[in-house]
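Protein sequence lines, in the order shown, are assigned to chains A and B.
So that you can map any letter, position 361 of the first sequence is 361 in our numbering, and since no number is skipped, the others follow by simple counting.
So that you can map any letter, position 116 of the second sequence is 116 in our numbering, and since no number is skipped, the others follow by simple counting.
Check each hint, because a few of them may be wrong.
To be verified - Once the Cα atoms are required to be at most 20 Å apart in a straight line, the calculated DMTMM-like pairs of lysine to aspartate or glutamate come out as:
{"no.": "1", "chain 1": "A", "residue 1": "Lys147", "chain 2": "A", "residue 2": "Asp262"}
{"no.": "2", "chain 1": "A", "residue 1": "Lys162", "chain 2": "A", "residue 2": "Asp262"}
{"no.": "3", "chain 1": "A", "residue 1": "Lys298", "chain 2": "A", "residue 2": "Asp259"}
{"no.": "4", "chain 1": "A", "residue 1": "Lys102", "chain 2": "B", "residue 2": "Glu100"}
{"no.": "5", "chain 1": "A", "residue 1": "Lys268", "chain 2": "A", "residue 2": "Glu332"}
{"no.": "6", "chain 1": "A", "residue 1": "Lys113", "chain 2": "B", "residue 2": "Glu100"}
{"no.": "7", "chain 1": "A", "residue 1": "Lys218", "chain 2": "A", "residue 2": "Asp145"}
{"no.": "8", "chain 1": "A", "residue 1": "Lys115", "chain 2": "B", "residue 2": "Glu100"}
{"no.": "9", "chain 1": "A", "residue 1": "Lys263", "chain 2": "A", "residue 2": "Glu160"}
Everything labelled a hint here was simulated from the structure, so no lab data went into it.
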Amino acid sequence: MIATLLISVLIITAIAVLLALLMVIADATVGNYGTSKITINGDKVLEVQGGQPLLKALNGEGVFIPSACGGRGSCGLCKVKVVEGGGNYLPTELPWISAEEKAQQVRLSCQFKVKNDIAIQIPEELFSVKQFTTKVESLRNLTHDIKEVRLKLIEPATIEMKAGQFIQFQVPEYELTDEPVYRAYSMASVPSDVGHIELEIRLVPNGICTTYVHKHLKEGDTVIVNGPYGDFFLRNTERPIICIAGGSGMAPIKSILLDMADKGSTRKARYFFGARSARDLFLLEEMQALESKMADFKFIPALSEPQPEDNWKGEIGLITDVVRRMAEEAPEGEAYLCGSPGMIDACIKVLRELGMPEERIYYDKFS
Amino acid sequence: MSDIFFPLAVFFAAVFTNNILLTNYLGMCSFLSVSKELETSAGLGIAVTFVMAVTTALNWLVYEFVLVPFQLEYLRFIVFIIVIAAFVQLIEMIIERYSEGLYFALGIFLPLITVNCAILGASLFMVIREYTFMTSFFFGLGSGLGWLLAILAMAGIRQRLRTAKIPAGLEGPGISLVIAGFMAMAFMGFNGMITIS
Numbered sequence: 001m002i003a004t005l006l007i008s009v010l011i012i013t014a015i016a017v018l019l020a021l022l023m024v025i026a027d028a029t030v031g032n033y034g035t036s037k038i039t040i041n042g043d044k045v046l047e048v049q050g051g052q053p054l055l056k057a058l059n060g061e062g063v064f065i066p067s068a069c070g071g072r073g074s075c076g077l078c079k080v081k082v083v084e085g086g087g088n089y090l091p092t093e094l095p096w097i098s099a100e101e102k103a104q105q106v107r108l109s110c111q112f113k114v115k116n117d118i119a120i121q122i123p124e125e126l127f128s129v130k131q132f133t134t135k136v137e138s139l140r141n142l143t144h145d146i147k148e149v150r151l152k153l154i155e156p157a158t159i160e161m162k163a164g165q166f167i168q169f170q171v172p173e174y175e176l177t178d179e180p181v182y183r184a185y186s187m188a189s190v191p192s193d194v195g196h197i198e199l200e201i202r203l204v205p206n207g208i209c210t211t212y213v214h215k216h217l218k219e220g221d222t223v224i225v226n227g228p229y230g231d232f233f234l235r236n237t238e239r240p241i242i243c244i245a246g247g248s249g250m251a252p253i254k255s256i257l258l259d260m261a262d263k264g265s266t267r268k269a270r271y272f273f274g275a276r277s278a279r280d281l282f283l284l285e286e287m288q289a290l291e292s293k294m295a296d297f298k299f300i301p302a303l304s305e306p307q308p309e310d311n312w313k314g315e316i317g318l319i320t321d322v323v324r325r326m327a328e329e330a331p332e333g334e335a336y337l338c339g340s341p342g343m344i345d346a347c348i349k350v351l352r353e354l355g356m357p358e359e360r361i362y363y364d365k366f367s
Numbered sequence: 001m002s003d004i005f006f007p008l009a010v011f012f013a014a015v016f017t018n019n020i021l022l023t024n025y026l027g028m029c030s031f032l033s034v035s036k037e038l039e040t041s042a043g044l045g046i047a048v049t050f051v052m053a054v055t056t057a058l059n060w061l062v063y064e065f066v067l068v069p070f071q072l073e074y075l076r077f078i079v080f081i082i083v084i085a086a087f088v089q090l091i092e093m094i095i096e097r098y099s100e101g102l103y104f105a106l107g108i109f110l111p112l113i114t115v116n117c118a119i120l121g122a123s124l125f126m127v128i129r130e131y132t133f134m135t136s137f138f139f140g141l142g143s144g145l146g147w148l149l150a151i152l153a154m155a156g157i158r159q160r161l162r163t164a165k166i167p168a169g170l171e172g173p174g175i176s177l178v179i180a181g182f183m184a185m186a187f188m189g190f191n192g193m194i195t196i197s
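Construct the complete structure from the given sequences, taking the supplied hints into account.
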């Protein structure tokens with residue numbers, strides 16, 4: 001009995017080992033593409049192991065391409081222009097590539113594999129993108145569903161960012177995900193505080209990252225982030241600015257305003273913040289304190305459904321109505337919007353009706 | 001029937017009368033999900049044919065020379081699956097390395113095939129029906145071609161269905177299953193031509 005059992009185990013192990021060995025040999029011979037050169041923007045040359053996806057190869061060399069799905073070909077964000085040695089498109093890339101992008105040889109870098117020497121073009125600012133190891137310095141509940149996460153940078157110890165940009169937060173494996181995933185969040189911290197990053201994260205039911213942050217993350221935990229990314233930042237003009245935000249859209253706007261106060265900007269600024277009732281409002285004192293610190297700044301929080309117990313004396317109505325009533329700077333100003341797609345689209349419409357040209361409306365949509 | 005012609009008889013039976021998809025209903029999931037376009041269906045069908053023919057023969061060798069001598073026939077399910085998985089993986093690596101055209105046409109379907117139950121089914125039938133090596137190979141080839149024939153027919157019909165008016169409740173998988181049923185009935189017309197057990 002035991003002998004038969006042993007033989008069965010032996011045989012099945014032998015078959016498995018044989019096949020595994022075959023795979024290892026194949027991996028080292030057929031799957032071995034040697035090293036390939038990646039030339040970036042015509043000057044920087046990287047030598048990488050061939051056969052791996054471009055996204056992973058670049059990651060390994062410290063060049064980070066924004067990607068929300070972590071390389072599974074399901075978000076379509078990690079596009080890179082491959083100008084030489086690209087070859088044909090894979091069927092797994094095509095759903096994400098428009099005809100226009102195809103003409104410019106834009107590839108999906110998580111699917112495109114490096115098999116020979118290639119030349120690629122990526123925006124210069126991606127070189128300043130780094131991966132940071134950080135420690136959670138503090139966690140604070142801003143409202144019933146928004147948490148402030150303050151991270152202390154460990155390695156590298158400082159970040160160079162523009163107010164309004166975002167980072168990607170790496171969620172490690174836990175009960176909702178069996179592989180690390182990345183989610184993008186705007187930084188709420190002021191750029192001059194180079195050793196810290198602050199995030200404002202709202203709990204989304206069953207959201208992989210938001211659940212992790214709200215239910216599992218503790219002070220002292222290590223968090224990996226990479227960034228900074230994004231072109232949502234204050235433009236260098238003298239125009240008056242109108243900021244509009246809702247919920248955790250507060251984050252990049254707070255960063256922009258703190259940065260202005262920090263630099264002693266004299267630009268006129270108005271900040272409309274929309275919420276449902278008083279329990280959705282946060283950082284009121286900080287924002288009101290900015291009114292005295294900045295040359296010409298007004299913070300205008302507005303509630304759409306104030307509750308009797310809120311005892312609300314401020315503006316009442318949908319944020320779009322409040323903007324329409326009060327944003328007299330619209331025709332000559334520029335606007336910075338952050339929040340849900342619905343809110344942003346509605347606000348763009350109102351601002352255009354008030355006479356603001358579309359090219360002066362900058363926004364960061366949550367999606 | 002003489003021994004020389006038996007493999008051929010099994011081959012034709014596997015394509016028509018005993019079509020693995022339409023009489024045994026194996027390999028339905030990829031049959032339903034990939035049969036929207038004629039071109040991709042052909043790619044998948046050819047890949048299935050190739051893998052089925054080779055793995056049935058391979059598994060015959062493994063069964064006859066490893067499992068039977070050690071009286072481990074009951075392990076055939078698990079052994080067949082790992083042989084198929086390893087073979088598919090190897091082929092994918094080889095194709096990706098040496099033939100870009102083939103990789104784009106067939107390679108991307110290979111990972112889908114590992115979990116295609118028709119392929120495991122062909123290996124298991126060959127054991128139950130006690131086929132010889134040659135017969136097993138032709139049975140695998142025939143079953144693969146039969147599967148290819150069925151998915152091509154289905155894709156052709158579904159391409160035409162795109163412009164047809166279908167009751168809302170039947171759209172998508174509903175109408176596809178009904179069509180698969182009709183096709184199975186049509187294939188019953190081949191019954192009696194050749195019979196294999």
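Against the structure, the hints come out as follows:
About 24 Å separates the Cα atoms of lysine 147 of chain A and aspartate 262 of chain A, which puts this hinted pair outside 20 Å; it is violated. Restraint check for lysine 162 of chain A and aspartate 262 of chain A: satisfied, since their Cα atoms lie roughly 13 Å apart, inside the 20 Å limit. Of the pairs offered as hints, the one joining lysine 298 of chain A and aspartate 259 of chain A holds, with about 16 Å between alpha carbons and a cut-off of 20 Å not exceeded. Of the pairs offered as hints, the one joining lysine 102 of chain A and glutamate 100 of chain B holds, with about 19 Å between alpha carbons and a cut-off of 20 Å not exceeded.
The hinted pair formed by lysine 268 of chain A and glutamate 332 of chain A meets the criterion: a straight-line CA distance of about 11 Å does not exceed 20 Å. For the hint linking lysine 113 of chain A to glutamate 100 of chain B, the alpha-carbon distance of about 12 Å falls within 20 Å, and the restraint holds. For the given pair, lysine 218 of chain A sits about 16 Å from aspartate 145 of chain A by alpha-carbon distance, which is consistent with the 20 Å threshold. Simply put, lysine 115 of chain A and glutamate 100 of chain B have alpha-carbon atoms about 11 Å apart, close enough for the 20 Å limit, and the pair holds.
Under the criterion of a C-alpha separation no larger than 20 Å, the hint pairing lysine 263 of chain A with glutamate 160 of chain A is consistent with the structure, at around 16 Å.
Checked against the numbered hints given earlier, the structure breaks only hint 1 and satisfies all the rest.
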